[in-house]
Amino acid sequence: MFNAVIKKEWIKIKYFIYALSLFSVVIVSYFWYNLNFEFATIEPKSMMWYRFAHLEQKPYYECLYFFLLIGVVVSLAQFIPERIRNRIKIITHLPLSLKSALIIHLAVGFVFIIIVSSFLSLFIISIILFYYPIEILSVVVKDLFFFFLGTLIVYLGISSAIIDKSPLIGGIKFFVSILAIFTFFKIRFELLDLGFLFVIVVLFFVVLDSFYSIKEQRLQSNIFKISVFVSLLFIVFTTFNIYQNKYATTFSKYYIFYSPTLKEFVFQKNFGDHRFEYTSQSGTKFDQKGYESTLPFVYWRDLDIQSLLPLDIDDEIFDKQIIQNSRLSFSYEPKYLIKKELELYPLINPQTTLGMIRFPSEALVFSDTKVRIYDSDHDHSEEGSEEDLNNELQTLLKAFGVTSPIKQIYGKATNMKPYDLGYFIIDNKYRLFNLNRADDILNLKELKSPDIKLAHIEISENRQKKLGGYAIDEKSNFYIIDYETLEFKEVKLENFDHKTMRLQLYSDPKYYLIRYDDGTNYYARVFDKEFNFIDGIVVQ
Amino acid sequence: MQNNIIQIQNLTHYYGKKKIYENLNLFIKEGTVFGILGKNGVGKSTLINILMGYIKPKSGECLILGEASHSLSPDAKKDIALLHEGFVAYDYMSIEEYEKFFAPFYDRWNSSIFYDLVDLMGLDYSQKLSTLSFGQKSQVVLGAIFAQDAKLLILDDYSMGLDAGYRRLFIDYLKDYINKRKKTVLITSHTMNDLDGLIDEFVIVQKGGIIHQDTMANFNADKSSTFEDKFLDFVGKY
Chain A
14 MFNAVIKKEW IKIKYFIYAL SLFSVVIVSY FWYNLNFEFA TIEPKSMMWY
64 RFAHLEQKPY YECLYFFLLI GVVVSLAQFI PERIRNRIKI ITHLPLSLKS
114 ALIIHLAVGF VFIIIVSSFL SLFIISIILF YYPIEILSVV VKDLFFFFLG
164 TLIVYLGISS AIIDKSPLIG GIKFFVSILA IFTFFKIRFE LLDLGFLFVI
214 VVLFFVVLDS FYSIKEQRLQ SNIFKISVFV SLLFIVFTTF NIYQNKYATT
264 FSKYYIFYSP TLKEFVFQKN FGDHRFEYTS QSGTKFDQKG YESTLPFVYW
314 RDLDIQSLLP LDIDDEIFDK QIIQNSRLSF SYEPKYLIKK ELELYPLINP
364 QTTLGMIRFP SEALVFSDTK VRIYDSDHDH SEEGSEEDLN NELQTLLKAF
414 GVTSPIKQIY GKATNMKPYD LGYFIIDNKY RLFNLNRADD ILNLKELKSP
464 DIKLAHIEIS ENRQKKLGGY AIDEKSNFYI IDYETLEFKE VKLENFDHKT
514 MRLQLYSDPK YYLIRYDDGT NYYARVFDKE FNFIDGIVVQ
Chain B
89 MQNNIIQIQN LTHYYGKKKI YENLNLFIKE GTVFGILGKN GVGKSTLINI
139 LMGYIKPKSG ECLILGEASH SLSPDAKKDI ALLHEGFVAY DYMSIEEYEK
189 FFAPFYDRWN SSIFYDLVDL MGLDYSQKLS TLSFGQKSQV VLGAIFAQDA
239 KLLILDDYSM GLDAGYRRLF IDYLKDYINK RKKTVLITSH TMNDLDGLID
289 EFVIVQKGGI IHQDTMANFN ADKSSTFEDK FLDFVGKY
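Chains A and B are the protein sequences, given in the same order.
Mapping of the first sequence onto the numbering used here: position 121 corresponds to residue 134, and the numbering continues sequentially without gaps.
Mapping of the second sequence onto the numbering used here: position 196 corresponds to residue 284, and the numbering continues sequentially without gaps.
One thing to keep in mind: the hints can contain errors.
Pairs of lysine-lysine residues, derived as PhoX-like cross-links and limited to a Cα-Cα distance of at most 25 angstroms, are as follows [to be verified]:
1. Lys228(A) - Lys144(B)
2. Lys105(B) - Lys353(A)
3. Lys239(B) - Lys199(A)
4. Lys188(B) - Lys20(A)
5. Lys178(A) - Lys188(B)
6. Lys144(B) - Lys102(A)
7. Lys144(B) - Lys178(A)
8. Lys27(A) - Lys144(B)
9. Lys228(A) - Lys216(B)
10. Lys425(A) - Lys478(A)
11. Lys144(B) - Lys105(B)
12. Lys178(A) - Lys146(B)
13. Lys102(A) - Lys268(B)
14. Lys228(A) - Lys105(B)
15. Lys523(A) - Lys276(A)
16. Lys430(A) - Lys352(A)
17. Lys239(B) - Lys102(A)
18. Lys333(A) - Lys479(A)
19. Lys20(A) - Lys216(B)
20. Lys27(A) - Lys216(B)
21. Lys512(A) - Lys199(A)
No wet-lab data here; the hints were simulated from the structure.
Work the whole structure out from these sequences, hints included.
Given below as structure tokens:
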């Protein structure tokens with residue numbers, strides 16, 4: 014019987030499958046041509062790797078549309094003719110249970126979808142692996158798997174809408190399916206997205222409900238109703254998350270600064286719609302001009318234009334150069350904790366004889382089992398620098414006893430900086446290492462960090478060469494990193510929670526100001542240039 | 089004693105406020121050729137659709153082969169050969185493919201019956217149903233109905249779209265088919281002449297429900313007028 018249905022469905026939709034297959038060849042060819050063009054024209058080629066790993070520019074992302082199209086086409090080709098010509102009644106009268114009759118027909122649709130999707134996926138994977146390091150495979154397979162889930166959701170959702178006897182209920186099913194599909198337009202799929210497997214199971218029963226409707230029945234099971242409700246919640250939750258990630262704007266209710274002239278905090282309260290109030294910690298109200306006058310290190314440009322520089326504060330003279338050179342800011346947001354899908358980092362290689370750091374053709378790639386260097390410009394048919402570099406790296410890793418898998422890698426993966434501090438690596442035993450390359454020589458050293466489990470490190474290669482960045486441990490303790498020694502110094506931040514709060518660190522000629530908030534409580538703490546605590550405030 | 093193959097009890101159905109049937113009771117015995125007669129649009133197909141579970145009546149009960157009509161078991165469906173109104177068929181299949189599709193579903197499938205009917209029209213088996221005339225297609229569909237060797241044949245408006253020649257071909261074949269086998273047939277039609285000599289019992293349906301139920305023997309006892317004239321006396325000429 015299954016064979017009979019396969020043959021029947023094949024006869025009906027074979028031309029659509031041929032067209033989809035042909036179209037997929039066109040899509041794959043176009044994809045290959047485009048990718049080849051990108052790699053042929055970019056210099057170095059590792060820039061494309063960098064784009065993938067750090068800018069999440071996935072060259073195959075547009076193929077998602079074609080995956081969804083497969084689901085749409087198979088669904089329309091299979092069920093529209095049956096619905097319009099009333100042949101759906103023939104299916105319901107086949108000597109099978111309604112459930113079996115539907116399962117067979119959907120299984121046939123699944124088989125066709127799997128064939129076309131697999132064909133497409135295999136080509137995409139083959140092409141990608143030709144241009145990218147092998148470590149990318151897991152990311153590509155994961156993405157294509159979710160693309161495939163999207164195809165199944167479209168297929169089941171549209172099928173349920175077509176089959177349903179009631180135009181109203183069919184319309185609702187169609188609308189919800191479309192909503193579910195919007196959730197697939199995301200650049201990165203996560204573990205939570207496996208919830209779509211549950212949605213697919215529920216969607217099968219939604220199609221069954223539509224099929225039952227032909228015989229004036231509906232699925233009455235409470236488990237079905239609850240599952241539909243849970244699926245809807247999941248879809249709405251996922252859609253909301255996507256909306257937030259894409260379109261949500263951050264809003265700061267307070268901009269808190271420390272006035273070097275008043276020796277107290279002043280803040281600009283933001284009511285939205287460009288309405289502000291300016292106040293000091295002691296309750297003094299200001300107009301905008303008065304407020305700005307309390308913050309000469311922030312609005313120093315105005316003072317410079319008005320020829321009011323240099324400043325004399327506490328018998329210290331601050332000219333334009335001093336103010337300018339002292340300025341530095343770090344920021345932190347909980348989203349910084351999200352690990353990269355592909356742990357690939359350009360192996361920066363500053364040369365003492367060159368003024369600018371060039372973007373390197375070599376990249377460090379971290380996997381669960383090893384650390385490896387790939388050279389995008391290296392011809393793999395010949396022996397050469399890539400192998401030598403890898404041997405050098407492996408010797409260093411072995412000498413220092415670095416254990417895989419590497420838990421976390423931090424560092425600024427860009428050449429748009431004056432210096433390079435390299436990468437900070439936490440190995441499987443929570444030991445911290447600094448790996449860098451300069452003048453073609455790889456350097457590795459173990460760093461002494463407090464006995465802590467690090468949650469995040471932010472590196473800053475700045476011209477001041479005083480602060481190398483900051484670190485946060487799992488208990489939300491905050492540390493600044495000395496640029497020269499790379500040692501950690503703890504800075505007490507009352508009530509700071511790195512999982513929910515954002516943070517900014519500002520430097521001026523006299524102070525370091527650290528602000529952090531969770532959107533409700535706004536904290537600010539000011540320190541002298543040796544990070545000795547001076548004052549703190551919290552406003553709501 | 090003959091069993092009731094179809095039992096309709098206290099069936100009431102409305103389309104909105106329009107009454108179609110009210111408290112309809114109908115029992116069709118095994119081996120009977122039963123006609124539901126009436127003009128177009130009076131609810132013959134509605135009754136078949138209710139009977140096959142495609143329309144849910146407001147109230148009442150329909151049993152076919154002892155099972156509730158809206159939830160027939162696969163075994164019961166094997167014993168009910170159903171002709172859907174309008175000769176609904178897989179037009180994209182060839183005659184041969186059509187036969188091969190249905191064959192595995194029915195234990196008693198008889199290919200020779202199917203091809204006998206197809207051969208009467210001298211058709212090439214590789215011809216797609218979509219390329220056949222409506223009359224030719226109807227015979228292929230009916231061939232698949234007969235080949236099922238079902239206990240009950242439900243033929244919804246077999247005459248729709250067929251010219252007199254194809255109707256005659258079908259009726260003759262049907263008569264021959266049921267003469268050789270013990271079958272129950274439920275047939276709906278608005279064309280009366282063809283059914284004379286075929287059906288054993290019938291109901292005449294008019295808007296609002298059944299207006300007359302009789303056996304053919306009793307109905308034809310009065311020789312003063314033809315079957316069709318008597319029928320028209322019930323339903324009106326227009």
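Do the hints match the structure? See the list:
For the proposed pair lysine 228(A) and lysine 144(B), the alpha carbon gap of about 8 angstroms is at most 25 angstroms, so the pair holds. With a C-alpha separation of about 65 angstroms, the suggested pairing of lysine 105(B) with lysine 353(A) is violated against the 25 angstroms cut-off. A threshold of 25 angstroms between alpha carbons decides the hint, and for lysine 239(B) with lysine 199(A) the separation of about 57 angstroms lies outside it, so the pair is violated. In summary, the hint linking lysine 188(B) to lysine 20(A) is supported, as the alpha carbons are separated by about 9 angstroms, within the 25 angstroms threshold.
The straight-line distance between the Cα atoms of lysine 178(A) and lysine 188(B) is roughly 29 angstroms, outside the 25 angstroms bound, and the hint therefore fails. At roughly 15 angstroms between alpha-carbon atoms, lysine 144(B) and lysine 102(A) fall within 25 angstroms of each other, so this suggested pair holds. This hinted pair checks out: lysine 144(B) and lysine 178(A) have alpha carbons roughly 12 angstroms apart, not beyond 25 angstroms. With a C-alpha separation of about 36 angstroms, the suggested pair lysine 27(A) and lysine 144(B) falls outside the 25 angstroms cut-off, and the hint is violated.
For the suggested pair lysine 228(A) and lysine 216(B), the alpha carbons sit about 29 angstroms apart, so the restraint of at most 25 angstroms is broken. With a CA separation close to 15 angstroms, the supplied pair lysine 425(A) and lysine 478(A) stays within the 25 angstroms bound. About 15 angstroms separates the Cα atoms of lysine 144(B) and lysine 105(B), which keeps this hinted pair within 25 angstroms; it holds. Pair hint lysine 178(A) plus lysine 146(B) holds up; C-alpha atoms about 18 angstroms apart against a cutoff of 25 angstroms.
For the suggested pair lysine 102(A) and lysine 268(B), the alpha carbons sit about 29 angstroms apart, so the restraint of at most 25 angstroms is broken. Restraint check: the Cα-Cα separation between lysine 228(A) and lysine 105(B) comes to about 22 angstroms, which is no more than 25 angstroms; the hinted pair holds. With a C-alpha separation of about 11 angstroms, the suggested pairing of lysine 523(A) with lysine 276(A) holds against the 25 angstroms cut-off. Our distance criterion of 25 angstroms between C-alpha atoms is met by lysine 430(A) and lysine 352(A), whose separation comes to about 23 angstroms.
A C-alpha spacing of about 20 angstroms is found between lysine 239(B) and lysine 102(A), which places the hinted pair at or below 25 angstroms, so the restraint holds. Of the pairs offered as hints, the one joining lysine 333(A) and lysine 479(A) holds, with about 20 angstroms between alpha carbons and a cut-off of 25 angstroms not exceeded. Restraint check: the Cα-Cα separation between lysine 20(A) and lysine 216(B) comes to about 15 angstroms, which is no more than 25 angstroms; the hinted pair holds. With a C-alpha separation of about 15 angstroms, the suggested pair lysine 27(A) and lysine 216(B) falls inside the 25 angstroms cut-off, and the hint holds.
Distance check on the hinted pair: lysine 512(A) and lysine 199(A) sit about 23 angstroms apart at the alpha-carbon level, within 25 angstroms; holds.
Violated hints, listed in ascending order, are 2, 3, 5, 8, 9 and 13; each of the other numbered hints is respected by the structure.
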